[in-house]
Amino acid sequence: MGMSRDTLMRYLTEAFPEAEITLTDLAGDNDHWQAEIVSSRFAGVPRVRQHQMVYAALKGNMGGVLHALALKTRAP
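Just so we're aligned: the sequence shown equals residues 173 to 248 in the working numbering.
I should point out that these hints are in silico values taken from the structure, not numbers from a laboratory. All C-beta atoms in this analysis are idealised placements derived from N, C-alpha and C, irrespective of residue type, glycine included. Hints may be right or wrong, so weigh each one.
Simulated restraints, written as ranges between beta carbons of each label pair [stated by the list, open to error]:
{"no.": "1", "residue 1": "Glu186", "residue 2": "Gly235", "range": "28 to 36 Å"}
{"no.": "2", "residue 1": "Asp201", "residue 2": "Ala247", "range": "15 to 23 Å"}
{"no.": "3", "residue 1": "Met181", "residue 2": "Arg246", "range": "12 to 20 Å"}
{"no.": "4", "residue 1": "Ser176", "residue 2": "Gly216", "range": "30 to 38 Å"}
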């Protein structure tokens with residue numbers, strides 16, 4: 173099934189409107205994504221917490237509709 177690029181981008185831009193977000197479909201199946209997110213909201217926040225913030229933005233879809241998401245997060 174998977175999650176479309178548009179849907180994934182919508183979730184991420186709603187949560188991180190000022191962020192620079194790059195999405196890569198790793199397997200061409202809308203089910204294995206890599207997201208690179210550069211957001212000022214990550215400044216001073218440990219990496220684990222940054223990733224938790226991204227998972228929260230997905231509103232429960234991680235592990236269900238979205239099978240795999242490789243994350244690269246950082247502050248500008």
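Hints, verified against the model:
For the pair Glu186 and Gly235, the supplied restraint of 28 to 36 Å is violated, since their beta-carbon distance comes to about 20 Å. At roughly 31 Å, the beta-carbon separation of Asp201 and Ala247 lies outside the given 15 to 23 Å, and the hint is violated. Restraint check, Met181 to Arg246: a C-beta distance of roughly 18 Å satisfies the suggested window 12 to 20 Å. Restraint check, Ser176 to Gly216: a C-beta distance of roughly 33 Å satisfies the suggested window 30 to 38 Å.
Checked against the numbered hints given earlier, this structure breaks hints 1, 2; the rest are met.
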